[in-house]
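Participant: Residue strings, one per chain:
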Amino acid sequence: AQKVIQVWSTTSRQEGEKLTLDCSYKTSQVLYHLFWYKHLLSGEMVLLIRQMPSTIAIERSGRYSVVFQKSRKSISLVISTLQPDDSGKYFCALWELMSNYNVLYFGSGTKLTVEP
Amino acid sequence: EAAVTQSPRNKVAVTGGKVTLSCNQTNNHNNMYWYRQDTGHGLRLIHYSYGAGSTEKGDIPDGYKASRPSQENFSLILELATPSQTSVYFCASGDLGGISYEQYFGPGTRLTVL
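Going line by line, the protein sequences match chains H and V.
Numbering-wise, the numbering used here puts 39 at position 39 of the first sequence, and it's gapless, one number per residue.
Numbering-wise, the numbering used here puts 34 at position 34 of the second sequence, and it's gapless, one number per residue.
None of these hints come from the bench; they were simulated from the model.
Everything numeric in this text was worked out from a predicted model, so none of it was measured.
For each residue, glycine too, the CB sits at the ideal point set by N, CA and C.
A portion of the hints provided could be inaccurate.
[What the hints assert, rightly or not] Ranges between beta-carbon positions, derived for each pair:
1) Lys18/H x Thr82/V: 35 to 45 Å
2) Glu115/H x Gly51/V: 43 to 53 Å
3) Ser12/H x Asp38/V: 18 to 28 Å
4) Asp85/H x Gly16/V: 18 to 28 Å
5) Lys3/H x Asn28/V: 21 to 31 Å
6) Asn10/V x Pro84/H: 20 to 30 Å
7) Val67/H x Leu114/V: 37 to 47 Å
8) Thr20/V x Thr10/H: 12 to 22 Å
9) Thr112/V x Arg72/H: 38 to 48 Å
[Said to hold, decoys possible] Calculated lysine-lysine pairs in the DSS-like style (CA-CA distance at most 27 Å, straight line):
10) Lys57/V x Lys3/H
11) Lys26/H x Lys57/V
12) Lys3/H x Lys26/H
[Unchecked claim] Some, not all, of what chain H presents toward chain V, calculated at C-beta under 7 Å:
13) Ser71
14) Trp95
15) Asn102
16) Gly109
Using the sequences and the hints, build the whole thing.
Facilitator: As structure tokens, this is what we get:
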């Protein structure tokens with residue numbers, strides 16, 4: 001069963017708008033992390049934000065933030081003031097603490113197009 | 001900042017041919033991973049490794065082998081490439097530091113099997 005679910009496969013917005021990308025996850029572990037990655041058009045995979053359940057989100061950029069709802073097992077990425085360079089594919093990922101088993105589970109991604 | 005490199009960046013292969021994708025990391029991470037990314041599937045784990053000499057099957061290992069000859073290097077091998085293996089392949093390294101975990105990705109290799 002899919003552990004990380006991103007409902008939207010594609011979306012488009014206008015420059016200057018604010019966008020929220022939703023992600024839900026399934027885990028029975030106490031210790032886990034959540035990540036948002038961006039797959040750039042150049043091919044590079046960039047870490048945007050890491051969220052641990054017990055801490056405030058660590059933002060990688062001032063325009064990226066998260067809405068974390070632990071009880072609902074939901075983490076949304078919020079991008080304020082969209083720019084054309086924000087175009088790309090965004091992945092939500094889950095890491096669970098298991099003995100000797102450090103693996104990330106990825107959602108299917110949301111492709112974002114920002115129109116000038 | 002973490003450094004993971006992959007070679008080649010682009011590869012065109014013929015059906016039935018052997019393909020080797022290479023990955024190098026300078027982070028001294030114990031764990032390394034190979035993923036493929038296809039539209040509608042996100043990233044899927046092919047093989048991973050806990051350290052030099054170890055390889056483990058991920059979620060979709062069929063048709064792939066892996067080799068971890070050293071801490072720094074992790075290769076993905078397609079002995080008999082098929083068109084269904086046309087994809088973008090990502091290598092990553094990661095480690096658990098205390099209770100914090102992070103994974104760093106290479107730039108990806110675009111493989112086309114004709």
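Participant: Against this structure, judge whether each hint is valid.
Facilitator: Do the hints match the structure? See the list:
A C-beta distance of roughly 44 Å is found between Lys18/H and Thr82/V, which places it inside the suggested range of 35 to 45 Å. Restraint check, Glu115/H to Gly51/V: a C-beta distance of roughly 47 Å satisfies the suggested window 43 to 53 Å. At roughly 22 Å, the beta carbons of Ser12/H and Asp38/V sit within the given window of 18 to 28 Å. The supplied range of 18 to 28 Å is broken by Asp85/H and Gly16/V, whose beta-carbon atoms lie about 41 Å from each other.
With their beta carbons about 29 Å apart, Lys3/H and Asn28/V fall inside the hinted range of 21 to 31 Å. For Asn10/V and Pro84/H, the Cβ-Cβ distance of about 25 Å falls inside the hinted range of 20 to 30 Å, so the restraint holds. In this structure the hint that Val67/H and Leu114/V lie 37 to 47 Å apart at CB holds, the actual value being about 45 Å. The hint said 12 to 22 Å for the Cβ distance between Thr20/V and Thr10/H, and at roughly 34 Å that hint is violated.
Here the CB-CB span from Thr112/V to Arg72/H is close to 41 Å, well matched to the stated 38 to 48 Å. Of the pairs offered as hints, the one joining Lys57/V and Lys3/H holds, with about 18 Å between alpha carbons and a cut-off of 27 Å not exceeded. A distance of roughly 22 Å separates the Cα atoms of Lys26/H and Lys57/V; the hinted pair therefore holds under the 27 Å criterion. As the CA atoms of Lys3/H and Lys26/H are separated by approximately 5 Å, the hinted pair is consistent with the 27 Å bound.
Residue-level restraint check for Ser71/H is violated (minimum Cβ-Cβ distance to chain V is 21 Å; threshold 7 Å). Satisfaction of the interface hint for Trp95/H is found here, the shortest Cβ-Cβ separation to chain V being roughly 5 Å, below the 7 Å cut-off. Interface restraint check for Asn102/H: the shortest CB-CB distance to chain V comes to about 5 Å, inside 7 Å, so the restraint holds. The restraint placing Gly109/H at the interface with chain V holds, with a minimum CB-CB distance near 5 Å, inside the 7 Å limit.
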